[in-house]
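Engineer: Based on these hints, arrange chain B on the given structure of chain A.
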Amino acid sequence: MRMLKQLMFASLVVAGAIAAGPAGAQQKTITIATEGAYPPFNAKDSTGALIGFDVDIAKALCEEMKAKCEIVAQDWDGIIPGLEAKKYDAISASMSITDERKQKVDFTNPYYSNYLRILAKKGSGITGPDGLKGKTVGAQRSTVAATYSEDKLGRTSTVKLYDTQTAAYSDLEAGRLDALVSDVYPAYDWLKDKPEYEFVGEKIDLNDKIGIAVRKGDTELQSAFNKALKAIRDNGTYGKLNAKYFPFDIF
Amino acid sequence: MDFYFDAKIWASDTVCAALRPVSPTLFATSCGRFIDGFFVSIELLVIATLIGFPLAIGLALARTSRSSILSALSYSYSYVFRGTPLLVQLWIFYYGFGALGASGLGLLWPLFRDAYSVGLIVLTINTSAYSAEIIRGGIVNVPNGQLEAAVASGMSWWTTMRRIVLPQALRIAWPAYSNEVLLLLKGSALVSTITVLDLMGQTRTIFARSYSLDIFVYAVILYLILSGGLTVLLRWIEMRMRLPGY
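These protein sequence lines map, in sequence, to chains A and B. If you're matching positions, the first sequence starts at 1 in this note's numbering and goes up one per residue. If you're matching positions, the second sequence starts at 252 in this note's numbering and goes up one per residue.
Derived by calculation from the structure, the hints in this document are not laboratory data. Among the hints, a few may not be true.
To be verified - DSS-like, lysine-lysine: derived pairs with alpha carbons at most 30 Å apart:
| id | chain 1 | residue 1 | chain 2 | residue 2 |
| --- | --- | --- | --- | --- |
| 1 | A | K122 | A | K152 |
| 2 | B | K437 | A | K152 |
| 3 | A | K87 | B | K437 |
| 4 | A | K135 | B | K259 |
| 5 | A | K121 | A | K230 |
| 6 | B | K437 | A | K133 |
| 7 | A | K104 | A | K230 |
| 8 | A | K121 | A | K68 |
| 9 | A | K86 | B | K259 |
| 10 | A | K244 | A | K203 |
On a predicted model such as this, the values are computed, not experimentally measured, just so you know.
The following block holds chain B by itself, in its conformation from the complex:
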């Protein structure tokens, strides 16, 4: 962890020093804050996707399984978290559950006390709910004949999913999933309303001291860099997964 913090400080110092000669004064004086927020946004996005993606696969499998209870549970989860605004979810988890305090939440309090972890939890839940539906779409698009063939050759349900269905379903779902990750990046800016100093939170704090609208232009540039990098990465994965003939 210390290594990561040191790396962050080093990156911030290096980038800001390198940009100093070419950046406007306003950016130069707040560069450290911008870079800090930039890292927080990346952290939230990376952790939320890394946890949210496997969770979404589980939810999608539950949704397409023959058990009507599992399917209903998964459907309800997606329905609730896809059907309500991210902002409302953040406020309910942060201010709503937060109002219960240490006595009401007990062991969960350390998790809910910290705005960062609340933001992370909500983003993870939100992205898993959306991604589950995307992956479900991939699963139902795998031709039924393959399932029948798998059953006929004696594969268990789990083996069929793991070896036949999911590898194809994820390839089908990937472009739509890439879209969801980009939406999550933009949605993550809302965590600034629950005091997390992500890129948007830092931007608003810097703006509060300068009242210069240029600040938002710098934020736009940083978000574009972030989404540009993300697009390239997701596209690269898509290419890597591509099979001949598809």
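Chain A extracted, bound-state conformation:
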């Protein structure tokens, strides 16, 4: 019995130490989450390390702020709840600034702008949103593209929602989807290796701005990011990173 008590006490101490660990370190390190399944903005390389524009921007901001940062991967579905639960301090994962999200988190100033495009197989005959009536359209769940698809196309088309952008691409290729509504730049990147697919119709510009999310009320981190963002815009770091991924300006 006594041994059992000692064991229980020991495990409590260990549990306490584990719980206290990250909290103590949080003073110095800023933990930033990204999704890791959204190339070229965030992805994992062959060694499992996180790479991409979002990751580079986060690192550049941290360098500018002279802060120690750690980038962690988190599934898209749970990325906002994870921030609220203090698993990390910020999200740099190509997150659109929307009213729905602003209820839960605060955003920095935008670090790039996005618009939507429709992707389909060449020769599909689809020429724009009107051509999607009665067809099956895909989008990643919990994105601006999903909201657009559900609200604008949902009445006349079958909308399928995917956990990741990569899964949605697979189903487009498998032929389960007639078209995919997607953010423009990742689709642009994907199309480079897929000559049998193309953008159809006009761009869908919803004045979509991408920002870094911080916990609601964390104005200190928010303004630090904003200051650093202005600095890397001015000193050319941003331009270099932009050019590394795209031959045109995405700001």
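Structural biologist: Frame of chain A; chain B shown alone:
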């Protein structure tokens, strides 16, 4: 089929209207989606069990038969589908086989194109593999003397199974089988990862628009209602089958 769809819509409208005065706004606005997902989960469960159960009996008979080929085949089937995660099976059947496309799958493509039918196929296979082992356990627990008596009185193997062994084996296996059905209900939530809008799929879609964790509480309540009803039903069947003296 139309009758069923109409009934679903009617049920959804009635339930949501009845709940409106007492439900929080968030539930009221997404009630239709919840009820829809609730029905899809029930459909998957009912169809998978209705096909999976007879399949499992067949597999269990093959497993306990004297033919070593049949027994080995049945064992391999159970080994493969019990030994791999349901999630992996779903992804292989949906994304893996799906990548072969219409040209690769030919006549099977309509079946594999539809996420719902892929989910149903995988759940059926999965539950039949588990249930086969449960029913096999029931069969080997029937005293050997009864088999000998059946043979002695001139019954064929099939008659022995049908009239002597299975009726007892199923009674023995039923409580464990009930457990498997409940596990299947919970496992069925994984079909949401292959775009099926079951209760979990709808829950995640609603959550994606509101970011309110309350949504998951509503899902928990709906799942509890589902498993509660299921438990009562399975228990009722168990009572009905009970024989005096056992």
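Engineer: It remains to establish, for every hint, whether it holds in the given structure.
Structural biologist: Hint-by-hint comparison with the structure:
no. : hint                 : verdict
1   : K122(A) with K152(A) : 23 Å, holds
2   : K437(B) with K152(A) : 33 Å, violated
3   : K87(A) with K437(B)  : 27 Å, holds
4   : K135(A) with K259(B) : 24 Å, holds
5   : K121(A) with K230(A) : 40 Å, violated
6   : K437(B) with K133(A) : 35 Å, violated
7   : K104(A) with K230(A) : 25 Å, holds
8   : K121(A) with K68(A)  : 45 Å, violated
9   : K86(A) with K259(B)  : 41 Å, violated
10  : K244(A) with K203(A) : 23 Å, holds
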